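> Sequence:
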Amino acid sequence: PPTTADCLIPLLNLVFRSAEKGNYFGIPEVTGALMELCKQKNITQKSAPTQAANKVASSSIYTASGKGDGKAAAGPTIYAPSAGSRATKSQVPEPTSADQSESQDQDQNLGNLTLRKGHTSQAVMEMKAQKQIKDAKQAALTDVMVEQLQDESNMMKLRVQFVEVENKKKEDEISELRKKQVVIDDNMRAAYADRDEKEKRMKSMDEVTKEKDRIILRREKTIDDMQKKQKTSDTDIEILNQRLQKLGEESQKMNEDLEAQIFEVRRVKDELEAKQAELKDATDQVAILTEFQRKQLDDNFVMKRRVDEMEEDLSWAKEDHATMEHRMRAMEDRIKAKDQRAYALNTEIMNQEQRLRAKEDEIDKRD
Numbered sequence: 106p107p108t109t110a111d112c113l114i115p116l117l118n119l120v121f122r123s124a125e126k127g128n129y130f131g132i133p134e135v136t137g138a139l140m141e142l143c144k145q146k147n148i149t150q151k152s153a154p155t156q157a158a159n160k161v162a163s164s165s166i167y168t169a170s171g172k173g174d175g176k177a178a179a180g181p182t183i184y185a186p187s188a189g190s191r192a193t194k195s196q197v198p199e200p201t202s203a204d205q206s207e208s209q210d211q212d213q214n215l216g217n218l219t220l221r222k223g224h225t226s227q228a229v230m231e232m233k234a235q236k237q238i239k240d241a242k243q244a245a246l247t248d249v250m251v252e253q254l255q256d257e258s259n260m261m262k263l264r265v266q267f268v269e270v271e272n273k274k275k276e277d278e279i280s281e282l283r284k285k286q287v288v289i290d291d292n293m294r295a296a297y298a299d300r301d302e303k304e305k306r307m308k309s310m311d312e313v314t315k316e317k318d319r320i321i322l323r324r325e326k327t328i329d330d331m332q333k334k335q336k337t338s339d340t341d342i343e344i345l346n347q348r349l350q351k352l353g354e355e356s357q358k359m360n361e362d363l364e365a366q367i368f369e370v371r372r373v374k375d376e377l378e379a380k381q382a383e384l385k386d387a388t389d390q391v392a393i394l395t396e397f398q399r400k401q402l403d404d405n406f407v408m409k410r411r412v413d414e415m416e417e418d419l420s421w422a423k424e425d426h427a428t429m430e431h432r433m434r435a436m437e438d439r440i441k442a443k444d445q446r447a448y449a450l451n452t453e454i455m456n457q458e459q460r461l462r463a464k465e466d467e468i469d470k471r472d
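Numbering (our numbering), first residue to last: 106 to 472.
Treat the hints with caution; some may be incorrect.
As the list claims (entries may be wrong) - Computed list of lysine-lysine pairs in DSS-like fashion (alpha-carbon distance at most 30 angstroms, straight line): (1) Lys-380 - Lys-303; (2) Lys-305 - Lys-358; (3) Lys-305 - Lys-317; (4) Lys-233 - Lys-443; (5) Lys-236 - Lys-423; (6) Lys-285 - Lys-273; (7) Lys-400 - Lys-284; (8) Lys-317 - Lys-303; (9) Lys-385 - Lys-305; (10) Lys-274 - Lys-284; (11) Lys-262 - Lys-273; (12) Lys-385 - Lys-275; (13) Lys-284 - Lys-385; (14) Lys-284 - Lys-273; (15) Lys-236 - Lys-443; (16) Lys-358 - Lys-315; (17) Lys-333 - Lys-317; (18) Lys-351 - Lys-308; (19) Lys-400 - Lys-275.
These are computed hints drawn from the structure, not numbers from a lab. What you are looking at is a predicted structure, and each value in this text was computed from that prediction instead of being measured.
Modelling step: build the complete structure from the supplied sequences, incorporating the hints.
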């Protein structure tokens, strides 16, 4: 009759491959399939692995695994994770001394069970599964940490870009204010020049007025002299009075023009003071924007330095990821080698049992 290993190894192999594809089975289903295989009385020792595998291929478990050809490989096969599985792609933390001792104890227990029972038991397979689940959880945790670092780095880069755009806007505003300041300076220089010109005109008008006043005084003095001496006629006096009246009208007109010029100078002075106030406000705004730009540049430098530090941490994390992946592959290679040695020992034991049975049959025939 077939041994337990002849039925158990192909069945467990198919169960694991089904689990890889997302098809999971309960313990009663697996146990029932195993008992059904072991009850086949007509399976010889030589063809037991092949016929057991064919039986499993026709069962519901083998059909659910995605292989509907109804055939299985001759002889037991050892399960190993595929190259695209989570265990080979994820990063795992570096094993501690406790994990290494636990792994060594599990490997030793696996070897003892293999040598003592002659086949891979269900407890050994459960130990392997628990170890793989533990490694997968650690790898998933490390992947989450790496993704968080990458997200934070991308967010900091976006913030740096936003700050650079804001600095560019502030620089444009400062340049516009400086252009306005240049225009205001030009207007002020023109206003100063206009004021100087009007002051010169006012000075010249003052001199003319003073000259007219001197003339009027001389005229009045002359009239007085003429009246005193009574050497002039009434006609001459009337002519002089008319001239004096005319000079008075001209003097009044010049005074009105002078008042208008004074009013214009005051208006220009008020405009000049208003432009000076605008220039002061613009200068204050430029100073405020310059200080804000300096603070923004300091913040930008600090944020860039943090981004560099996070990128350096990310590079270290990637190097650790590569190292852990290399160690994981080496560990899987060692496990595969041990499984191959266990399979070789099982094969040797089966061959010895066959030879022993052949000798017993030969002895029975002789008797």
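> Against each hint, give a clear statement of whether it holds in the structure.
Each hint tested on the structure:
no.: 1; hint: Lys-380 - Lys-303; result: holds (19 angstroms)
no.: 2; hint: Lys-305 - Lys-358; result: holds (19 angstroms)
no.: 3; hint: Lys-305 - Lys-317; result: holds (18 angstroms)
no.: 4; hint: Lys-233 - Lys-443; result: holds (12 angstroms)
no.: 5; hint: Lys-236 - Lys-423; result: holds (24 angstroms)
no.: 6; hint: Lys-285 - Lys-273; result: holds (19 angstroms)
no.: 7; hint: Lys-400 - Lys-284; result: holds (23 angstroms)
no.: 8; hint: Lys-317 - Lys-303; result: holds (21 angstroms)
no.: 9; hint: Lys-385 - Lys-305; result: holds (29 angstroms)
no.: 10; hint: Lys-274 - Lys-284; result: holds (15 angstroms)
no.: 11; hint: Lys-262 - Lys-273; result: holds (17 angstroms)
no.: 12; hint: Lys-385 - Lys-275; result: holds (19 angstroms)
no.: 13; hint: Lys-284 - Lys-385; result: holds (15 angstroms)
no.: 14; hint: Lys-284 - Lys-273; result: holds (17 angstroms)
no.: 15; hint: Lys-236 - Lys-443; result: holds (15 angstroms)
no.: 16; hint: Lys-358 - Lys-315; result: holds (14 angstroms)
no.: 17; hint: Lys-333 - Lys-317; result: holds (24 angstroms)
no.: 18; hint: Lys-351 - Lys-308; result: holds (23 angstroms)
no.: 19; hint: Lys-400 - Lys-275; result: holds (12 angstroms)
In summary, this structure violates none of the numbered hints.
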